[in-house]
Amino acid sequence: MEQRLAFKRPAPIVPAFWLFLFRMCGRGEGWGWPGGGVMCRDSRDSRGRVRGARGFTGRLLCWYRENARDLPWRRSVEDPYRVWVSEIMLQQTRVEAVIPYYERFIRSFPTLDALASATREDVLRHWQGLGYYRRAHLLHEGVRWMLRERGGRYPRSRDEWRLVPGVGDYTAGAMASICYGEPVGAVDGNVRRVFARWFAWETPLDRGPGMVRLSRAARLFAGWSGDPGAWNQAVMELGARVCVPARPRCGECPVRVYCRGERSGNPAAFSRVRKRALPVRHAMWVWAPLTEEGWWVRRRSVSGLWAGLWEFPGTPCEEGCAKWSLAWSRFQGEAAPRATVAEVNMGEEFQHRLTHREYGFRPVFLRLTGAPRVEAGAATRLVGDEELMALPMSVPQQRIRAWARVCAEASTA
DNA sequence: ATCCCGTTAC
DNA sequence: GTAACGGGAT
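So for the first sequence, the working numbering puts the first residue at 1; every next one is plus one.
Hints were generated in silico from the structure; no laboratory data involved.
Computed from a prediction, not measured in an experiment: that's the story for all the values here.
Hints are supplied without guarantee of correctness; some may be wrong.
[Said to hold, decoys possible] Label pairs and their in silico Cβ distance ranges:
#, residue 1, residue 2, range
1, ALA376, GLY129, 24 to 30 Å
2, ASP122, PRO204, 37 to 43 Å
3, ALA114, MET346, 42 to 48 Å
4, ALA269, GLU386, 54 to 60 Å
We put the CB at the ideal spot given by N, CA and C, even for glycine.
With the hints as constraints, model all of the structure from the sequences given.
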């Protein structure tokens, strides 16, 4: 708790507040509050006594203290390493999905040193299925960087956290405010939506003047609240559970009376909708070849899609390649080995959707005999059952792996 | 500006 | 089935 004193609460906020208000009201979108008057009140008075659940920040903080979910990483806020891991996992990923991954990860890598000395493959194995595998690479790089560049001493300020690999604006703000009490904002998608509704902001908040205004506002509120870490988490919690994107549950909102968006009658209108390009479709043959020396698998590039994960080799299912045998011989010609296909098992095609691609995977189990000269190397290997199951793979590849093993068992029987 | 993933809600 | 959701790097 001592580390929370690293940052003093900002001195008198009133001049800053009025200057801010003055600036904001000069723009097209104002700062008016339904009730008028002072919109924000410090939850402590000038002598540092708790003022309780009055005022804007006080009400939200009070609600947060009573309603905060009991999440694993909230039990160890005093350990920046654990907060760090949780923040990376929570990027673009929902809380419920993260919980089991977080617990397993911390069990295996309880400390900075434990993670730094783990192999990349082991880290990826703990990440498989969670998605955005670049995060795992960057987190691993980040902890090693922390030991190498800083001797394992965590930064205390947002600006220093920002230098850590894999830590962007949001994560830097979250680490500095939650672990060290620095009065800075931590602006994620929830915070953007909540602020947009509170102030009925219609301009985009992820770039340009809207972003500048939002980060200033988030920083000032964090300071005014008296507890930046709790405040930032409270705003996010509100966004995740009450001020939700589609149908905000304003009836349950502790700061409803302050919300300009709610007063407008249509708070949902202020959630920003991202338009996304239509996904491009790809049909792929995925070969699950079992040679006499083991399963033929390869490792993907450490950049790009499914970064650094293992997979069964595959080929695009081009036009005029509707027959598996044609595609296979073409693939085999490029991949060099000349093996006899002793057995074939066609799996059912299944779809896998990503942000801007949609794959139709057609798995094909192949038992290869003869002298399959598969050149094993760094990126291509022949592995036994046990080793295969230990390789980190994407969700669709895990599915193919499970199916292929069933095929293999059925064929030996 | 574009590329990463998987799950859940509708 | 389709849409919505969510940060950082390049």
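Comparing the hints with the structure gives:
no., hint, verdict
1, ALA376 with GLY129: 24 to 30 Å, "holds (26 Å)"
2, ASP122 with PRO204: 37 to 43 Å, "holds (41 Å)"
3, ALA114 with MET346: 42 to 48 Å, "holds (44 Å)"
4, ALA269 with GLU386: 54 to 60 Å, "holds (55 Å)"
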